[in-house]
Amino acid sequence: MWLPLVDRVIVLAPGEGVVADGSPHDVLGPAASRPPRTPSPSRPSSPSRPSSARELAERTGSGARVAVHSAESRALGAAEAGAAHDAAHDEASRGEDAVPRRARELAADGVWVPGVPPAYPPEPTARPGEVLLSARDLVVARVPGTPVAGPFDLDVRAGEGLGVVGANGAGKSTLGLTLAGLLPPESGVVEAAPNLAAGATPRRRRDGESRHPVQWSSRALLTRIGAVLQDPEHQLLARTVREELEVGPRALGLPADRIAERVDELLERLRLAPLAAANPYTLSGGEKRRLTVAAALATRPRVLVLDEPTFGQDARTWAELVAIIARLRDGDGDDPPLAVVAVTHDAAVLEALHARRFVVGEVPA
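Residue numbering for the sequence shown follows my numbering, beginning at 48 and increasing consecutively.
Note that these hints are calculated values from the structure, not bench results. Warning: the hint list may mix true and false statements.
Stated by the list, open to error - Label-pair restraints from in silico Cβ distances: (1) 359 - 71: 19 to 29 Å; (2) 392 - 176: 25 to 35 Å; (3) 305 - 71: 53 to 63 Å; (4) 216 - 299: 34 to 44 Å; (5) 242 - 359: 16 to 26 Å.
By construction, the Cβ of each residue, glycine as well, lies at the ideal position given by its N, Cα and C atoms.
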């Protein structure tokens, strides 16, 4: 899809610097059909420039990786030692499945490749459990008095994924925030199951015990409903990644050794360990997303509300994050099954999680 937009390819080799610089056809195309390259004043040519993609592969060795789109094979390929377009052509002409194999290699390295989906977790074997949250006649609003969607009736069950889908601006994120107890309903109710609400301290002393999450204190929400917002930076509070994961457990008053054990586990599971001492604001978008998911999991909630959880992930981290969410949904170790609410435009997430879809539409005028 992007190949027609690419007009320059630069190949770097270890110890040599630039070994090829030109158009895709000039650098990667078959040597026999390549016209002589006219050096550009702004791009001095190298006297030892490779004469073919195969030579390019030999020159660059294992330290270079090149992606190739072949119109003949209609697939994206990649290979160690540079992607030898010539070799792929030869293998394809002999009926060998070279390009798809190289596409799979590239996908394994975390690159999104058309026709090579990431690994999906297995389908859940247990039926959904108890209803943890229920909404009845629910109308949601970002600003009181300005409804954006509803009325809805829906249940959120332990051991089940609920995918909230709909057009941009339909109110998906607003519904997610309302289910998470972070926005009050415009009308109708969101109620927690009695065992989920048991012991929840009220946000205001005069409210007393309540089954309505919006009336719970932030401490009560921490262990019951975790939320990952659409913009990760809205949730970042600490100076380092490790300290960010410690915020919730410290607020719960957990012992230091339990906090350290839990944080170390999350750092490893979400591939954040090398970034433990980094400032959260210096992370990439995908890393920030994984950090906020990890922070939500640090307090072991029973319900997890995720807004675009896989945004910004490469194919490998996408698959890892989805696998983690699936394990949490099914019950991970000694932890009971979670109810997972995923607000997303990514249909593959819902397919991978075998999620029940809930379509959000606008309030009729």
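Here is how each hint holds up against the structure:
1. 359 - 71: 19 to 29 Å: holds (27 Å)
2. 392 - 176: 25 to 35 Å: Cβ of residue 392 to Cβ of residue 176: about 28 Å, so the range 25 to 35 Å holds.
3. 305 - 71: 53 to 63 Å: Holds, since residue 305 and residue 71 (Cβ atoms, about 55 Å apart) stay within the stated range.
4. 216 - 299: 34 to 44 Å: With Cβ atoms ~36 Å apart, the hint holds.
5. 242 - 359: 16 to 26 Å: violated (36 Å)
The structure shown violates just one earlier hint, number 5.
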